[in-house]
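Work out the full structure, taking the sequences as your base and the hints as a guide.
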Amino acid sequence: MEINKDYAVQMRGISKFFGNFQALDSVDLDVKKGETHAILGENGAGKSTLMNILYGLYGADGGTIYLNGEPVYIKNPSVAISYGIGMVHQHFMLVEKFTVLQNIILGNETTDKFGIINMRKARKKVIEIIKRYGMNVDLKKKIRNISVGMQQKVEILKALYRGAEILILDEPTAVLTPQEVDELLEIIENLKKDGKTVIIITHKLKEIKKSSKECTIIRKGKFVDCVNVKDESEQSLAEKMVGHKVKLLVDKEKATPGDVVFEIKDLNVKSHRGVDVIKNLSMSLKKGEIYGLAGVDGNGQKELMEALICRLYVESGKILINGKEIQNTSTRNVLDSKISIIHEDRHRYGCILGMSVADNAILEKYREKPFNANGFLNYDERDKYTEKLIEKYDVRPSKCKYTKIRNLSGGNQQKLVIGREIENDPDLLIAIQPTRGLDVGAIEYVHKVLIDLRDKGKAILLISLELDEILDLSDRIGVIYDGSIVGEFDQKEANEQNVGLLMAGGKNNDEEHI
Amino acid sequence: MLNNILIAITITLMYSAPLTLAAIGGVISERSGITNIGIEGMMSIGALTGAAVGYFTQNPWFGLICAGIAGGLLALLHAVASISCRADQTVSGLAINLIGPGLAMFLSRYFFSGATMTLPVPVKLPKVVDPIYFQNTPFSSLSIDASVVIALIVVIVTSFVLYQTKWGLRIRAMGEHPAAVDTLGVSVYKSRYTCVIISGILAGLGGGTVTLAIISQFTPTAISGQGFIALAAVIFGKWRPIGAYLACLLFGFSQALVILLGGGSIQIPSTLLAMIPYILTIAVLILFVGRSSAPKAAGVPYKKGER
Amino acid sequence: MTRSISRILKSYFMRTFIAVLLGFVVASAILFITGYNPSQCMAVMFNAVFSRPKFIVNVILKSTPIILTGLSVAFAFKMGLFNIGAEGQFIVSTIASAIVGLVFNFHPIIQVPLVIMSGVFAGAIFGGIIGFLKSKFGIHEVITSIMLNWIALYLCNYISNLACFHKPESDGTYPINESGLTLFMYKWKFSEEGRSFLKNNPVLNDIILKTDFNFNFILAVIIAIVVWVVIYKTRKGYEFRACGLNPDAAQNAGIDVNKNIIYTMLISGALSGLAGALALTGSSNPVIHVLPVFENYGFNGLSVALIAGSSPIGCIFAGIMFSALIYAGQSLQFKLGAPSEIVNIMIGTIVFFVALSVIIPVIVDKIVEKEERKSA
Numbered sequence: 000m001e002i003n004k005d006y007a008v009q010m011r012g013i014s015k016f017f018g019n020f021q022a023l024d025s026v027d028l029d030v031k032k033g034e035t036h037a038i039l040g041e042n043g044a045g046k047s048t049l050m051n052i053l054y055g056l057y058g059a060d061g062g063t064i065y066l067n068g069e070p071v072y073i074k075n076p077s078v079a080i081s082y083g084i085g086m087v088h089q090h091f092m093l094v095e096k097f098t099v100l101q102n103i104i105l106g107n108e109t110t111d112k113f114g115i116i117n118m119r120k121a122r123k124k125v126i127e128i129i130k131r132y133g134m135n136v137d138l139k140k141k142i143r144n145i146s147v148g149m150q151q152k153v154e155i156l157k158a159l160y161r162g163a164e165i166l167i168l169d170e171p172t173a174v175l176t177p178q179e180v181d182e183l184l185e186i187i188e189n190l191k192k193d194g195k196t197v198i199i200i201t202h203k204l205k206e207i208k209k210s211s212k213e214c215t216i217i218r219k220g221k222f223v224d225c226v227n228v229k230d231e232s233e234q235s236l237a238e239k240m241v242g243h244k245v246k247l248l249v250d251k252e253k254a255t256p257g258d259v260v261f262e263i264k265d266l267n268v269k270s271h272r273g274v275d276v277i278k279n280l281s282m283s284l285k286k287g288e289i290y291g292l293a294g295v296d297g298n299g300q301k302e303l304m305e306a307l308i309c310r311l312y313v314e315s316g317k318i319l320i321n322g323k324e325i326q327n328t329s330t331r332n333v334l335d336s337k338i339s340i341i342h343e344d345r346h347r348y349g350c351i352l353g354m355s356v357a358d359n360a361i362l363e364k365y366r367e368k369p370f371n372a373n374g375f376l377n378y379d380e381r382d383k384y385t386e387k388l389i390e391k392y393d394v395r396p397s398k399c400k401y402t403k404i405r406n407l408s409g410g411n412q413q414k415l416v417i418g419r420e421i422e423n424d425p426d427l428l429i430a431i432q433p434t435r436g437l438d439v440g441a442i443e444y445v446h447k448v449l450i451d452l453r454d455k456g457k458a459i460l461l462i463s464l465e466l467d468e469i470l471d472l473s474d475r476i477g478v479i480y481d482g483s484i485v486g487e488f489d490q491k492e493a494n495e496q497n498v499g500l501l502m503a504g505g506k507n508n509d510e511e512h513i
Numbered sequence: 000m001l002n003n004i005l006i007a008i009t010i011t012l013m014y015s016a017p018l019t020l021a022a023i024g025g026v027i028s029e030r031s032g033i034t035n036i037g038i039e040g041m042m043s044i045g046a047l048t049g050a051a052v053g054y055f056t057q058n059p060w061f062g063l064i065c066a067g068i069a070g071g072l073l074a075l076l077h078a079v080a081s082i083s084c085r086a087d088q089t090v091s092g093l094a095i096n097l098i099g100p101g102l103a104m105f106l107s108r109y110f111f112s113g114a115t116m117t118l119p120v121p122v123k124l125p126k127v128v129d130p131i132y133f134q135n136t137p138f139s140s141l142s143i144d145a146s147v148v149i150a151l152i153v154v155i156v157t158s159f160v161l162y163q164t165k166w167g168l169r170i171r172a173m174g175e176h177p178a179a180v181d182t183l184g185v186s187v188y189k190s191r192y193t194c195v196i197i198s199g200i201l202a203g204l205g206g207g208t209v210t211l212a213i214i215s216q217f218t219p220t221a222i223s224g225q226g227f228i229a230l231a232a233v234i235f236g237k238w239r240p241i242g243a244y245l246a247c248l249l250f251g252f253s254q255a256l257v258i259l260l261g262g263g264s265i266q267i268p269s270t271l272l273a274m275i276p277y278i279l280t281i282a283v284l285i286l287f288v289g290r291s292s293a294p295k296a297a298g299v300p301y302k303k304g305e306r
Numbered sequence: 000m001t002r003s004i005s006r007i008l009k010s011y012f013m014r015t016f017i018a019v020l021l022g023f024v025v026a027s028a029i030l031f032i033t034g035y036n037p038s039q040c041m042a043v044m045f046n047a048v049f050s051r052p053k054f055i056v057n058v059i060l061k062s063t064p065i066i067l068t069g070l071s072v073a074f075a076f077k078m079g080l081f082n083i084g085a086e087g088q089f090i091v092s093t094i095a096s097a098i099v100g101l102v103f104n105f106h107p108i109i110q111v112p113l114v115i116m117s118g119v120f121a122g123a124i125f126g127g128i129i130g131f132l133k134s135k136f137g138i139h140e141v142i143t144s145i146m147l148n149w150i151a152l153y154l155c156n157y158i159s160n161l162a163c164f165h166k167p168e169s170d171g172t173y174p175i176n177e178s179g180l181t182l183f184m185y186k187w188k189f190s191e192e193g194r195s196f197l198k199n200n201p202v203l204n205d206i207i208l209k210t211d212f213n214f215n216f217i218l219a220v221i222i223a224i225v226v227w228v229v230i231y232k233t234r235k236g237y238e239f240r241a242c243g244l245n246p247d248a249a250q251n252a253g254i255d256v257n258k259n260i261i262y263t264m265l266i267s268g269a270l271s272g273l274a275g276a277l278a279l280t281g282s283s284n285p286v287i288h289v290l291p292v293f294e295n296y297g298f299n300g301l302s303v304a305l306i307a308g309s310s311p312i313g314c315i316f317a318g319i320m321f322s323a324l325i326y327a328g329q330s331l332q333f334k335l336g337a338p339s340e341i342v343n344i345m346i347g348t349i350v351f352f353v354a355l356s357v358i359i360p361v362i363v364d365k366i367v368e369k370e371e372r373k374s375a
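Chains as they are written, first to last, in numbering that gives the first Met the number 0: chain A, 0 to 513; chain B, 0 to 306; chain C, 0 to 375.
Treat the hints as calculated values from the structure; they're not laboratory data. Computed from a prediction, not measured in an experiment: that's the story for all the values here. Take the hints with a grain of salt, since some may be wrong.
Straight line, CA to CA, 30 Å or less: simulated BS3-like cross-link-like pairs of lysine-lysine [claimed, not checked]:
1. B:123 <-> B:165
2. A:317 <-> A:301
3. B:237 <-> C:258
4. A:74 <-> B:302
5. A:96 <-> B:295
6. A:120 <-> A:139
7. B:303 <-> C:232
8. A:323 <-> A:285
9. C:232 <-> A:398
10. A:229 <-> A:124
11. A:130 <-> A:212
12. A:285 <-> A:212
13. A:301 <-> A:447
14. A:229 <-> A:192
15. A:74 <-> B:303
16. B:189 <-> A:96
17. A:368 <-> A:398
18. A:364 <-> C:232
19. A:301 <-> A:323
20. C:365 <-> B:302
21. A:323 <-> C:258
22. A:112 <-> B:302
23. A:123 <-> B:165
24. A:491 <-> A:264
25. A:400 <-> C:9
26. B:165 <-> A:112
27. A:31 <-> A:141
28. A:317 <-> C:135
29. B:123 <-> A:141
What follows is the structure, encoded as structure tokens:
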């Protein structure tokens, strides 16, 4: 394609190395002005890297960027901003302790003499933008007190406030309810009407169909294709993304649930800051079923987990495993009661990056025989056990027991963590966001392992912010909203609409006022 | 009674002034996301420079300015290590604490023929409220140094800049989420360099006021530990300028208490009295402050493009 | 650059070695600028340490307490705690040991362990307070440490002046009872028999009679090995390391982080306490006295631990090097009139470059990448 001023963005032959790893290999991109363009690829394919280069966060090791047909050198984000490029990162770049307004104006403040910030002027300017694109945001609230969907709007506002003409959205729907997704699509539509160009990075096929006209597909750092979305099916897009045939649906037999193993009764918990976060929450799990807990981030999932592992005090109510109460005991006691947990964000909660794979393998078992021999660690046993885990759960590279786990890929780290938890032979396995950040192959593997475990008669509690994953895997689905279970469904009757509605609290989440 | 109160005020303000300057420096640095435990070293070099320059030029103000510059230069080392080289900020700060006093004494010996003390400065920093004016009045024991006023101005200005201006907004954001600031086109590196150097200048000024306003010469024990007390004041004051100032006043006040009670009618050994400020600090922390809320990103090396 | 060279450059030992080298370079530069002959200074320093057996022995004797405070700091580091309070723990230990050593006078077999254990115990209590306040109230260990250091200092000054311990016309207490000393054949070497025996053997005379010869250093080495074993070979050490590297993940795996914080600080305090007790019992002038400023045994331990990269075995060598530098610095002042503080600057510079050395692997990797990409 020629370099042409009808295109808002054109990138030619972009390459990028991280150490010896080539993240991008001569990638091209053409985005028409005033349209929505999707960039599709698996986790780790290089989509975000490409966009970070466009936004000036990384320097490219090769290639050229053209904006409106002119070659440009984008040295840093302030150059990008001056060219009218705005980016909403997947992990929001918001200062939690600041208000919405402070976050929006940060770095581009309206000031009087001596750099004194004029909040009134700033507010006026922001409210104008809010009205123009029909977004409801409370400018006075602190970021840590607003929902994720709202935070995303703040991010979009940040870009618009800086006069963005090209807006990059990195995985914008990953953590939204279906209703919030619809709302976002509406905002994008409004932006397009206003002549703005939108680039959406995603690995979700449905949204591409809904939002975009054209789509560039990247696989393992290489340009694969640029297609007209309406000519493609979800299946064909998926194959281009992964490079081989994929099953879009999870294979599983019907569940045959047994007795109740795990129960929560009228649980009430206060957060570290003393706020009621879990309110009269009750649920129960049977042997041989997967219970999916759906909900928007920040509705008590985190606190529920912390209460379960005794890091938060349970004010009232009971948590029972095999009929035994475990609330307000100790983490050790919970783990010893045949509960295993695959924590979210394995880097922070699930493994110790500075330790070897072998040391991570025994993280929960180190105090038991044979690993603990009279207060000393038995390294031979540890190594033998680790080798077993590596082989059984296909952790690669296979000779990695002395490698620091930091140096393994995300998928292999997760395989080790999952293997470690399953080898505990738990009656209840709790999996929190178990496939976050993994590629399709690893995701399929994780799903298969969970279903196998279910078929062995174990109870599995799946907590995920991705509704698709919950709908695909779960036999029963509960929706958590504002610290309570507000509804339960069988897999048959659950769908995006009815579950999504409850996730948003049964009403539109955005009735807050400016 | 009035006399005692006035003495208490005088001593409190006098002792808290250098601490305040240094602690505000600490607040600025930590708020921008760089832990600065090297305050002690920066104060030491400031104290020597202030005394030496004050002695040779006979101008205490010039001495004070040079004290600030010396502190700033030492802070530059810390900045290079912790910002550009992403070194462990604690280790680097500790190195500054070794280099600062060592260099101060080395230079003292070099310029003052082998002595670890400088000669007394001929002119001290002026007093704003001088007891001479109040001879034979009830206020004869009240005395306020210029350094006290400087410290107060620094507190007010810092507080204003931090909470009312765009630079303050950016600095505070940087200490919480540097990447957020970077993605908005504000250079985190540059701003952090500025903050660390300002922090060093203030610590240097703090050291300079010790030797130019309080004891009029540099001695090996001139600073001993005040930098650490300032550091404690930063944490104690919850990383806010006003809070840190109040903490410094508390330290100054307990210093006054030591002196007043030591000379009082009940004989308490001065060594036991001297423990009061430190015991008090721990007690106050247990009772009131609880979990301290440090800037989230303080002490974490930041690399562009990482989250 | 080949891979093996890059691996060597990236190793901790090499990085530290480069830092030490740079420390010497900077010190030489400063000496040169201020008009001293650096090579002459280095020669004097070298001679100050190596020219007589007595000097070598003294360096080793002086290294014992800082090796132990270094171990104390390094141990806490492994748990992610910054024990800047080693200084105070050292001081309270000398206080406790001195009091017990003065008040009691048992047979050495009882007295020596009693004196030492009371010091260890006092240090552990002071360390434990730091740990307790952190785990119970979340008070930063650095702030408690700083406060406790000063409390210990003034406590020492208070005790030194107490009528029942104070030795008139001195700034300190009476020496502790001889039965509590760990000096080597203390009585014998000053006796007729001892003197005449040593006279015939100049080397032994030099190292035994003219120094406070003792075997505390060997104990310090044993302790270093024990600390290494505890950290890397035991179940508890595994817990400490896990908590230090990632407290959240450790807690989730059922490890009680708060309890471990207290244990760690107790042990760390005990190690600093041992340093203080041995410094007292291994001295021919075993008194505590009024401290106008800190004597830096604990703070030097921080430097030792940092230079050693928190490796327990590394602490032994870093401690000896540190002690040698200080010893050499004194002679520099004495012989050439060059300020002995050059040594402090040198040590500071070494620590500074140790901090900077994290950049070395990054640079080496960059160079290797470039070369590999060129050849590819």
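Each hint, compared with the structure:
Note on residue 123 (chain B) and residue 165 (chain B): the hinted pairing is violated, with a Cα-Cα distance of about 37 Å set against a maximum of 30 Å. Simply put, residue 317 (chain A) and residue 301 (chain A) have alpha-carbon atoms about 18 Å apart, close enough for the 30 Å limit, and the pair holds. At most 30 Å may separate the alpha-carbon atoms for a hinted pair to count; residue 237 (chain B) and residue 258 (chain C) meet this at roughly 26 Å. A distance of roughly 16 Å separates the Cα atoms of residue 74 (chain A) and residue 302 (chain B); the hinted pair therefore holds under the 30 Å criterion.
Of the supplied pair hints, the one linking residue 96 (chain A) and residue 295 (chain B) holds, its CA atoms being roughly 10 Å apart against a limit of 30 Å. Of the supplied pair hints, the one linking residue 120 (chain A) and residue 139 (chain A) holds, its CA atoms being roughly 14 Å apart against a limit of 30 Å. A threshold of 30 Å between alpha carbons decides the hint, and for residue 303 (chain B) with residue 232 (chain C) the separation of about 38 Å lies outside it, so the pair is violated. Simply put, residue 323 (chain A) and residue 285 (chain A) have alpha-carbon atoms about 15 Å apart, close enough for the 30 Å limit, and the pair holds.
The straight-line distance between the Cα atoms of residue 232 (chain C) and residue 398 (chain A) is roughly 22 Å, inside the 30 Å bound, and the hint therefore holds. Among the hinted pairs, residue 229 (chain A) with residue 124 (chain A) is inconsistent with the structure: their alpha-carbon atoms are about 38 Å apart, more than 30 Å. Between residue 130 (chain A) and residue 212 (chain A), the direct Cα distance comes to roughly 27 Å. Compliance with the 30 Å bound is thereby established for this hinted pair. Between residue 285 (chain A) and residue 212 (chain A) the alpha-carbon distance is near 45 Å, which puts this suggested pair outside the 30 Å criterion.
With a CA separation close to 25 Å, the supplied pair residue 301 (chain A) and residue 447 (chain A) stays within the 30 Å bound. For the suggested pair residue 229 (chain A) and residue 192 (chain A), the alpha carbons sit about 20 Å apart, so the restraint of at most 30 Å is met. Restraint check for residue 74 (chain A) and residue 303 (chain B): satisfied, since their Cα atoms lie roughly 13 Å apart, inside the 30 Å limit. For the given pair, residue 189 (chain B) sits about 23 Å from residue 96 (chain A) by alpha-carbon distance, which is consistent with the 30 Å threshold.
A C-alpha spacing of about 24 Å is found between residue 368 (chain A) and residue 398 (chain A), which places the hinted pair at or below 30 Å, so the restraint holds. Restraint check for residue 364 (chain A) and residue 232 (chain C): the C-alpha separation of about 15 Å stays at or below 30 Å, so the hint holds. At roughly 23 Å between alpha-carbon atoms, residue 301 (chain A) and residue 323 (chain A) fall within 30 Å of each other, so this suggested pair holds. For the hint linking residue 365 (chain C) to residue 302 (chain B), the alpha-carbon distance of about 16 Å falls within 30 Å, and the restraint holds.
Our distance criterion of 30 Å between C-alpha atoms is met by residue 323 (chain A) and residue 258 (chain C), whose separation comes to about 26 Å. Restraint check for residue 112 (chain A) and residue 302 (chain B): the C-alpha separation of about 33 Å exceeds 30 Å, so the hint is violated. A hinted pair counts as satisfied when its Cα atoms are at most 30 Å apart, and residue 123 (chain A) with residue 165 (chain B) qualifies at roughly 18 Å. Proximity of residue 491 (chain A) to residue 264 (chain A) is assessed by CA-CA distance (about 26 Å); at most 30 Å being required, the pair is judged to hold.
Our distance criterion of 30 Å between C-alpha atoms is met by residue 400 (chain A) and residue 9 (chain C), whose separation comes to about 21 Å. Under the criterion of a C-alpha separation no larger than 30 Å, the hint pairing residue 165 (chain B) with residue 112 (chain A) is consistent with the structure, at around 11 Å. The suggested pairing of residue 31 (chain A) with residue 141 (chain A) is violated, with an alpha-carbon distance near 37 Å, which exceeds 30 Å. Restraint check for residue 317 (chain A) and residue 135 (chain C): satisfied, since their Cα atoms lie roughly 26 Å apart, inside the 30 Å limit.
Only pairs whose Cα atoms come within 30 Å are accepted, and residue 123 (chain B) paired with residue 141 (chain A) is rejected, the gap being roughly 49 Å.
In the structure shown, a violation is registered for the earlier hints numbered 1, 7, 10, 12, 22, 27 and 29, in ascending order.
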